[in-house]
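Taking the hints into account, I'd like the entire structure generated from these sequences.
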Amino acid sequence: MSPKHLSRDTKRFLWIGILPSALLYGLFVIWPAINALMYSFTRWDGLSTPVWIGIDNFVNLFKSGSDFVTAIGHNIYLTVIPGSIILTLALFFAWMIHLKVAGSTLFRVTFFFPNVIASVAVALLWVLLYSTTEMGPINNIRQALHMEKVPFLESARLLQSIVPMMVWSATGFYLVLFLAAMENIPVDYYEAAHLDGASPTLQFIRITLPLMWDVLTTGIIFLIVGGLKFFDAVWVMENGRPSPATHTMSSLMYAKVFEEYNVGYGTAIAVLLFVLVLIITRISMRLLKRERLEY
Amino acid sequence: MRGSFLEKLGTLVRTGVLGLWMLGVVLPMFWVLATSLKSTKEVTRSPFGIPDALAHPGAKTFAVIAENYTKAWVGSGFSAYFWNSLKVVSISLALILLLGSMAAYCLSRFEFRGRNVIYNAFVAGLLIPMQLILIPLFFQYADWSDVLTRSFAPVARMLQLGNLTVSLHNSHEGIILIYVAASLPFTIFTLTSFFGTLPGGVREAAMIDGASEARTFFSVMLPLAKPGLITVAIFNFLGLWNEYLFGIVFLADNKLKTLPLGLASISMQAQYKSDFGLMFAGLVITMVPTLVVYLLLQRHLTKGITAGAVKG
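Sequences listed follow chains A and B, in order. This note's numbering puts the first residue of the first sequence at 1, with every later residue one more than the last. This note's numbering puts the first residue of the second sequence at 296, with every later residue one more than the last.
Watch out, some of these pointers could steer you wrong.
Short derived list, chain B residues pointing at chain A, Cβ under 10 angstroms [said to hold, decoys possible]:
hint	residue
1	Leu313
2	Gly370
3	Leu402
4	Phe571
Keeping only pairs whose Cα atoms sit at most 35 angstroms apart, straight-line, the calculated DSBU-like set for lysine-lysine is [said to hold, decoys possible]:
hint	chain 1	residue 1	chain 2	residue 2
5	A	Lys229	B	Lys303
6	A	Lys11	B	Lys336
7	B	Lys568	A	Lys11
8	B	Lys521	B	Lys598
9	B	Lys382	B	Lys550
10	B	Lys355	B	Lys521
11	A	Lys229	B	Lys355
12	A	Lys100	B	Lys521
13	B	Lys355	B	Lys336
14	B	Lys550	B	Lys355
15	B	Lys355	B	Lys598
16	B	Lys598	A	Lys100
17	B	Lys598	B	Lys336
18	B	Lys336	A	Lys149
19	A	Lys229	B	Lys598
20	B	Lys303	A	Lys100
21	B	Lys550	B	Lys568
22	A	Lys149	B	Lys366
23	B	Lys336	B	Lys521
24	B	Lys568	A	Lys149
25	B	Lys521	B	Lys366
26	B	Lys303	B	Lys521
27	A	Lys63	A	Lys229
28	A	Lys229	B	Lys336
The set of hints was computed from the structure by calculation and includes no laboratory data. Beta carbons are placed, not taken as given, at the ideal position from N, Cα and C, and that holds for glycine.
Here it is as structure tokens:
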């Protein structure tokens, strides 16, 4: 329908339909996003007049030995290590379910459980699992095997301890995503490969992986972006006071702004996080999204 | 014969491996549930045994369960956290679905000047991390509260309300506005493509019958979009119910806190650290609502993920 043919009733409906969303979105997302860019070029304690300091905040972020450099390292750790385990396990389990097992729905549904639990609750659940008191199951098992108790939650060890938690809670989501992609591949391909004597492993490498490549890309982007934004578990497990040994970009941003009143510096972290999300989404799309295979 | 034996063995191994992972996923959750039925003394004495309340059901052991859950629900305010969550999330969801579906419908079914610009602006929001808008929103709310308070001051004087502070800060209204605005990109993106798949003639047919645009939308198009609305509702529900980062900034007041915020703040207070009964009961109260919603609607949720996966 071309614009000229819109009746008065239609025009009114379009205004009523779009304006409220556009206003809310403009006032509560776009406007703060623009403000964030402005803040990041200032020195500001949140009360006095902000002082324009150009790119000083960004320069300071990358000074060697700054808390931010350490924090971004933690984000990379929490992206790469759990991410690769999650990816491998999700593909592996999805493939096993795809090869037909009894109770596949039961597996799919229960594997997804941890994903719907609040990240705060997941973090607290793991705090209890890791507990060094009498009721901590993991340390109890260690003792039964005549191993030392391990203070899994101390700052120096926390990031390592978060890895199993992330694997536990996220694998189900990626499994469902990958399984859907696998089941979308026509059976004929496998039948043809089977007739040619291709083993299931070969079928997986030659048929399944290439044909689900774009879903795999989506999964990898989700994992990276999630790793960059990581906040909740570190915050809860450190009782709201992460140390430089455990800060991620988000928690450092929070501490800088709301505890040290260094608003410009903290916002610069947020801006950098945004830029990283943009760059990584673009690069992953380019690198991983090869020619889309049509079938 | 040999092939079928190998096949059977393969299936058995696969089921075994999957079963092991299932145990790993479910056992910690059962452990939490079981422990929430024990008194703190029982937790220390037999942390992994079957709870007395189940092994020897009776008034005395049931009292333990009642005590844990009363302590959490009444004593530590989990009932308030629960109702706050329910209020914030349901109002947000209603607004998201109403506003998002109207905007998506307009953007997908009509050609008008500026349509692509508006659509692209919304979709660009998918790439904005919430961290980016968190800090400016905090100061934006502080500024607005000055303006609002000053403009309401005459009214407050007239009604003799004293020094009335009107603020979006530390209020459910304030965080609902943020939740709705921040959920619009995903909602509009998903629903625009969903409305695009509906048959084109339906709207025209309704219009010929003399229905207005609004009537056509609400009584013809919206019901057709139900599957899409359900998908969007589930994802937004889970995201908002579990939201934490905005909550700690905008709902600092204990009586305004939602479940994740309440659970986190109780778990951080030293005096509760060894009150296992309370802690586990609180954890169960926080976990159960989303698990129930998931179990009831898991088919739709899987379909939503599947649709996304297939589209790529």
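Task: Enumerated hints in conflict with the structure, sorted upward - done: 2, 5, 6, 7, 10, 11, 15, 17, 23, 25, 26 and 28
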